[in-house]
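As a plain string of letters, each chain reads:
4 protein chains.
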Amino acid sequence: MDDYTFTLDFKVRDYECDLQGVVNNANYPHYLEHARHEFLLEKGLDFAALTEEGIHLVVTRMEIDYKHPLVSGDRFCVGLNIRRLTKLRFQFQEDIYRLPEETLIIKGLVTGTALNQRRRPAFPSQLEILF
Amino acid sequence: MDDYTFTLDFKVRDYECDLQGVVNNANYPHYLEHARHEFLLEKGLDFAALTEEGIHLVVTRMEIDYKHPLVSGDRFCVGLNIRRLTKLRFQFQEDIYRLPEETLIIKGLVTGTALNQRRRPAFPSQLEILF
Amino acid sequence: MDDYTFTLDFKVRDYECDLQGVVNNANYPHYLEHARHEFLLEKGLDFAALTEEGIHLVVTRMEIDYKHPLVSGDRFCVGLNIRRLTKLRFQFQEDIYRLPEETLIIKGLVTGTALNQRRRPAFPSQLEILF
Amino acid sequence: MDDYTFTLDFKVRDYECDLQGVVNNANYPHYLEHARHEFLLEKGLDFAALTEEGIHLVVTRMEIDYKHPLVSGDRFCVGLNIRRLTKLRFQFQEDIYRLPEETLIIKGLVTGTALNQRRRPAFPSQLEILF
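Chains as they are written, first to last, in this note's numbering: chain A, 1 to 131; chain B, 1 to 131; chain C, 1 to 131; chain D, 1 to 131.
Just so you know, these hints were derived from the structure itself, not from any lab.
Where hints are given, some of them may not hold.
Pairs of lysine-lysine residues, derived as DSS-like cross-links and limited to a Cα-Cα distance of at most 25 Å, are as follows [claimed, not checked]: (1) A/107 x C/11; (2) A/67 x C/107; (3) B/107 x D/107; (4) C/67 x A/87; (5) B/87 x B/43; (6) D/87 x B/67.
With the rest of the complex left out, here is chain A (with noise of 0.2 Å):
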């Protein structure tokens, strides 16, 4: 997991999963948003206080590829790096791997931008702490 910037630990808990007996697809997103509220209070942003202050940080694009899936009782840990796209556009590299052997599981890019009130484009100074 050396290729990441911030790594988070977790363990598949039964109710994600479905009646195929694996994860739901629809968990992954899950996993990926707590690890990036993780990284962010890491670097001292709290995403709910962030909220509350009228910055509304949201995914504008979502790409994610699915290789093996999780079950019950799996460990796994998501790897997340950052970049930024554009004034305005960052991403994240969040890939999810089985552990404790590290099998890739899924691959994910996610697109994320800042929104003021008006849910207009802005990027306040504190976010640039990220990059």
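Mind docking chains B, C and D on chain A? Use the hints.
Below, chains B, C and D without anything else, positioned relative to chain A:
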């Protein structure tokens, strides 16, 4: 369903089913919440708008008896009654029946109250219309 | 919605909204999944029954462009098209529009395949009806 | 937390919060389920493996008293006790405390039983280890 003030029809969505192949028990509180909010709307009260005004409708107690499971493909109905318990508290009886044969699936009792912005109990007059 | 083979109407449920007051981005994959499974049913294919038979329909890639958020009370429609990409893979175009004015909310592309019980790619003949 | 047989620590994930800015009441049953399944694992029982063997552990009744809400960023602990009610039924006492100060958040009672593949009550001997 004649014994209920308000009823709302649903269909199971497959992502609500867990690895036992039945609707996960934590999805029933979601169904019950959605039925309550639609009941409020029918009465002219909008849960999200109330929240914006600083009126927080909250659940203080929930009891659910699980009789039979719902599975993929099932259609079902939530039947709802409301009664006032005290000046500040009210209770929803919310039962779920599988359709079309009306098999009882769960019996629920959800007690709630209203809090103001400082999270103090407060019962605004616009809620009187519910009873 | 004439450009779509299949459409399905929904209404936002308040529990799908997050602390930003909009539908959480991870709920859109749920809506898209439910629309796909209802489309399958219309074609005479039952996702849960296929799973029991050992035919696992799985998502291998998902791309979503988020254009506008849905909020509490919104009605919306998923429009769906399907096309075959290769012998083993197929792709759903799934777009969401807010109703009644048909504002584009998200554009989605979901690629899938079928796996047998040993999770090997296998395309059973009963799926031919989809194309 | 000395009054509990088993405890499990969690942190709120932002996607669990709803438009009131607090953890949605339907997420508590998820937390309680995950704590029960981790308790089972500690006892050498794997919920998913039991399901595959045809032993369905199911909830027959749930009571939750909501005392205080959890919000974004909160750490909390589920404390769990189990007792046998009858030959076929058992009950979990599951309470949630916010950390580090151990404010009581919810009090829960979850009654369960075991069903065989025909969904008939059956209490296999391997569950005796729980008591």
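Against the structure, the hints:
| no. | hint | in the structure |
| --- | --- | --- |
| 1 | A/107 x C/11 | 31 Å, violated |
| 2 | A/67 x C/107 | 22 Å, holds |
| 3 | B/107 x D/107 | 20 Å, holds |
| 4 | C/67 x A/87 | 19 Å, holds |
| 5 | B/87 x B/43 | 20 Å, holds |
| 6 | D/87 x B/67 | 19 Å, holds |
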